[in-house]
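Work out the full structure: start from the sequences and follow the hints.
Going line by line, the protein sequences match chains A and B.
According to the numbering used here, the residues represented by the first sequence are 1 to 245, in order.
According to the numbering used here, the residues represented by the second sequence are 1 to 302, in order.
Keep in mind that the hints were calculated from the coordinates and are not lab data.
Certain hints may be false.
Derived CB-CB ranges, DEER-like [stated by the list, open to error]:
1. Asn217/A with Glu157/B: 53 to 61 Å
2. Thr237/A with Thr11/B: 26 to 34 Å
3. Val115/A with Lys185/B: 46 to 54 Å
4. Glu157/B with Leu212/A: 55 to 63 Å
5. Arg160/A with Gly239/B: 48 to 56 Å
6. Ser28/A with Glu129/B: 38 to 46 Å
7. Tyr220/A with Thr11/B: 50 to 58 Å
8. Lys242/B with Lys245/A: 41 to 49 Å
9. Tyr155/A with Lys75/B: 20 to 28 Å
10. Leu42/A with Arg111/B: 45 to 53 Å
11. Arg111/B with Thr213/A: 47 to 55 Å
12. Glu129/B with Ser49/A: 55 to 63 Å
13. Trp192/A with Ala112/B: 55 to 63 Å
14. Gly67/B with Lys245/A: 24 to 32 Å
Straight-line C-alpha distance at most 25 Å; calculated DSS-like pairs for lysine-lysine [claimed, not checked]:
15. Lys245/A with Lys15/B
16. Lys119/B with Lys132/B
17. Lys115/B with Lys185/B
18. Lys19/B with Lys245/A
19. Lys119/B with Lys75/B
20. Lys28/B with Lys181/B
21. Lys137/B with Lys119/B
22. Lys120/B with Lys181/B
23. Lys186/B with Lys19/B
24. Lys76/B with Lys245/A
25. Lys225/B with Lys181/B
26. Lys83/A with Lys218/B
27. Lys245/A with Lys75/B
28. Lys175/B with Lys120/B
29. Lys115/B with Lys83/A
30. Lys83/A with Lys75/B
31. Lys115/B with Lys186/B
32. Lys119/B with Lys83/A
33. Lys186/B with Lys120/B
34. Lys28/B with Lys6/A
35. Lys137/B with Lys83/A
36. Lys76/B with Lys28/B
37. Lys76/B with Lys83/A
38. Lys242/B with Lys185/B
39. Lys76/B with Lys242/B
40. Lys186/B with Lys175/B
Remember, predicted model here, so these are calculated numbers, not experimental data.
Glycine is no exception: its CB is placed at the ideal position from the N, C-alpha and C atoms.
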Amino acid sequence: MRWLQKVRAVFILAYMFSVLWIVRNLLSLIYLFFAPFTVLFLLYVSVGSEVLPYALVGAYIMTLVEAGVDTIGDAAWHRLEIKFQDVMVASPVSETAYMLAEALSELLYASPALVILSIFIFQIKPNLLTLGTILAITLLVWLSTSALGFFISTYMPNIRNAWQISLLIGLILAVLPPVFYPIEQVPEPLLWLAYIPPTTHAAIILRDSIGLTSSMNVTYSWLILLAYTIAFLLLATYRARWREK
Amino acid sequence: MAEIFECRNLTKIYKSSEKRGLENVSFKMPSRGILTLLGRNGAGKTTLLRIATTQLLPTSGSVTVLGLDVVSEAKKVRERISVLPQEGRPFPPLTPWDHIYYTLLARGLSRAEAKARAKKVLEDLDLVEYAKVAADKLSGGLRQRTLLAMALSTYAELVFLDEPTLGVDAVNQRKIWSLIKDYCKKHGSVVLTTNSISEAEVLSDYIVVLNRGRVVAKGTVDELKAMVPYRFRVDVSEGFSKEELSSYGKVVVVGGRMRVLLDDEADARELASDAVKRRVSALVSPTTLEDIFIDLVQEGGV
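Right, dumping it as structure tokens:
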């Protein structure tokens, strides 16, 4: 399959997995659309408007993470229940194209919420740097969490496990680490732990772009996030070789 | 000229359970046609099919598809095959049209070509009136036909169908059989798995009978029929002990009934007449592929 055909296959499959679903069944969109705004509302009511910039960054990254880790459930469902992966294995569609289609479809489900949240974030400091940072963070967090999701999904023996694990990974990546709050608030003995998740660094970078600076050097955060993305992509590509042993 | 499909000393041992899925399986499909992998549940049919379609690695031995090795030349194999997986399901909100059209586009066909093929296969499988109906509103048989349509619309040189008529009613089963035969005439070869003897008998150019991961028989329908040295069978419902029946011929148990396989017509008549004397029914008929299958795979009744 030529390069252009591969790209075409990615978009066609992603369209099948997401747009056709959304058009026929709007309910499939509802959770990813409302979840971030529910958290925003909760923080606004319980803490106040001063946390809104932090909460917006947190909600944006949480939505990206949820879209990424949803790949665990959907890819496992396509493999174990629908058996669509079997159909694709026995076809000219490459494993990378299939994996990217799974990831892109999840991004499409999350895109309505992401567009609205990104507009709010951009309003805080409307310049090209903010816009560029939002786009770059979107790409890196989406790619890294989707790749991680696809990698994990290949180990799932059944769909119930896949759903449970995706919820757990979502909590570990988007709720526990300093994504909704500044890293300086993490108690000193736990600080080293807070630096481990890639989402911590995504939040540091995005907050920095809207003027919420932290003690962490942003360049390091970029490098760490990039390293995570490459590592997760390599892991996913390794596991996406279709063939079971 | 390369074989269409060939297995050489193929063995599969599952790492997780140490279970032998296939053991030293060897056979070949020399020319275009329909090859049926026939066997009971758990015989190894799906394992073999998954190895052939490049989804599962063999433990040892080799498989070639259209002359290509499924391990070292997997990419080339994938471009020339398609598959109907066992117990697959369509996406609930997507229609038969969506399934066929978009998978054809993903395989690299142009829009016009995909459209024409989708239309044709929907007509062939009597799915036109359901073309725009969401899969979750379709019956089990229609869903299975949708999945079959996806596989057949590819016009692949070799199509693998894992139990293609599973959950399909008798009338549509026959339609599917004729479509599979038609596919073979026009587009390419078919390898299918089934545990239905009638399906194997109607469709197959070659049959490979698997039992517990081993090949127990292979050949054309006629060659298989010639393998068993019995021309007649007598079904007896009651009134005889197994020992009594053994004196007439080979006794097998089918669905709780005793069946005697014998070669001598006089013995068959004698057994029938004995049954009449005992006022029990006995049905004499020529042996079929079913008898051969049961004889090959049965250990202690089915």
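Taking the hints in turn, this is what the structure says about them:
Asparagine 217/A and glutamate 157/B have their C-beta atoms about 58 Å apart, which keeps the hinted 53 to 61 Å range intact. A hinted range of 26 to 34 Å for the beta carbons of threonine 237/A and threonine 11/B is consistent with their spacing of about 29 Å. One distance hint, 46 to 54 Å for the beta-carbon pair valine 115/A and lysine 185/B, holds here, with the actual separation near 53 Å. Here the CB-CB span from glutamate 157/B to leucine 212/A is close to 60 Å, well matched to the stated 55 to 63 Å.
Between arginine 160/A and glycine 239/B, the C-beta spacing of about 52 Å keeps the proposed range 48 to 56 Å intact. Serine 28/A and glutamate 129/B have their C-beta atoms about 26 Å apart, which leaves the hinted 38 to 46 Å range violated. Roughly 52 Å separates the CB atoms of tyrosine 220/A and threonine 11/B, a value that falls within the hinted 50 to 58 Å. For lysine 242/B and lysine 245/A, the hinted distance range of 41 to 49 Å is satisfied, since their beta carbons lie about 46 Å from each other.
At about 24 Å, the CB distance of tyrosine 155/A to lysine 75/B agrees with the hint of 20 to 28 Å. Between leucine 42/A and arginine 111/B, the C-beta spacing of about 47 Å keeps the proposed range 45 to 53 Å intact. Between arginine 111/B and threonine 213/A the beta carbon distance is about 51 Å. The supplied range of 47 to 55 Å therefore holds. Between glutamate 129/B and serine 49/A, the C-beta spacing of about 57 Å keeps the proposed range 55 to 63 Å intact.
Here the CB-CB span from tryptophan 192/A to alanine 112/B is close to 59 Å, well matched to the stated 55 to 63 Å. Between glycine 67/B and lysine 245/A the C-beta distance comes to about 25 Å, which sits within the given range of 24 to 32 Å. Restraint check: the Cα-Cα separation between lysine 245/A and lysine 15/B comes to about 8 Å, which is no more than 25 Å; the hinted pair holds. Taking the CA atoms of lysine 119/B and lysine 132/B, the gap is about 12 Å. The hint holds against a cut of 25 Å.
For the proposed pair lysine 115/B and lysine 185/B, the alpha carbon gap of about 22 Å is at most 25 Å, so the pair holds. For the hint pairing lysine 19/B with lysine 245/A, the CA-to-CA distance comes to about 13 Å; that is within 25 Å, so the pair holds. Taking the CA atoms of lysine 119/B and lysine 75/B, the gap is about 29 Å. The hint is violated against a cut of 25 Å. About 20 Å separates the Cα atoms of lysine 28/B and lysine 181/B, which keeps this hinted pair within 25 Å; it holds.
With a C-alpha separation of about 20 Å, the suggested pairing of lysine 137/B with lysine 119/B holds against the 25 Å cut-off. With a C-alpha separation of about 16 Å, the suggested pair lysine 120/B and lysine 181/B falls inside the 25 Å cut-off, and the hint holds. For the given pair, lysine 186/B sits about 40 Å from lysine 19/B by alpha-carbon distance, which is inconsistent with the 25 Å threshold. Among the hinted pairs, lysine 76/B with lysine 245/A is consistent with the structure: their alpha-carbon atoms are about 20 Å apart, no more than 25 Å.
Our distance criterion of 25 Å between C-alpha atoms is met by lysine 225/B and lysine 181/B, whose separation comes to about 21 Å. Between lysine 83/A and lysine 218/B the CA atoms are separated by roughly 30 Å; this puts the pair beyond 25 Å, and the hint is violated. In summary, the hint linking lysine 245/A to lysine 75/B is supported, as the alpha carbons are separated by about 17 Å, within the 25 Å threshold. Simply put, lysine 175/B and lysine 120/B have alpha-carbon atoms about 15 Å apart, close enough for the 25 Å limit, and the pair holds.
Only pairs whose Cα atoms come within 25 Å are accepted, and lysine 115/B paired with lysine 83/A is accepted, the gap being roughly 24 Å. Using a Cα cut-off of 25 Å, the hinted pair lysine 83/A and lysine 75/B holds, with the two alpha carbons roughly 20 Å apart. Straight-line distance between C-alpha atoms of lysine 115/B and lysine 186/B comes to about 19 Å, which keeps the hinted pair within the 25 Å bound. Using a Cα cut-off of 25 Å, the hinted pair lysine 119/B and lysine 83/A holds, with the two alpha carbons roughly 24 Å apart.
Note on lysine 186/B and lysine 120/B: the hinted pairing holds, with a Cα-Cα distance of about 13 Å set against a maximum of 25 Å. Between the alpha carbons of lysine 28/B and lysine 6/A the distance comes to roughly 34 Å, so the proposed pair goes past 25 Å and is violated. For the proposed pair lysine 137/B and lysine 83/A, the alpha carbon gap of about 19 Å is at most 25 Å, so the pair holds. Between lysine 76/B and lysine 28/B, the direct Cα distance comes to roughly 20 Å. Compliance with the 25 Å bound is thereby established for this hinted pair.
Between lysine 76/B and lysine 83/A, the direct Cα distance comes to roughly 22 Å. Compliance with the 25 Å bound is thereby established for this hinted pair. This hinted pair does not check out: lysine 242/B and lysine 185/B have alpha carbons roughly 47 Å apart, beyond 25 Å. The suggested pairing of lysine 76/B with lysine 242/B is violated, with an alpha-carbon distance near 55 Å, which exceeds 25 Å. With a C-alpha separation of about 16 Å, the suggested pair lysine 186/B and lysine 175/B falls inside the 25 Å cut-off, and the hint holds.
Consistency with the previously given hints fails for numbers 6, 19, 23, 26, 34, 38 and 39, ordered from lowest to highest.
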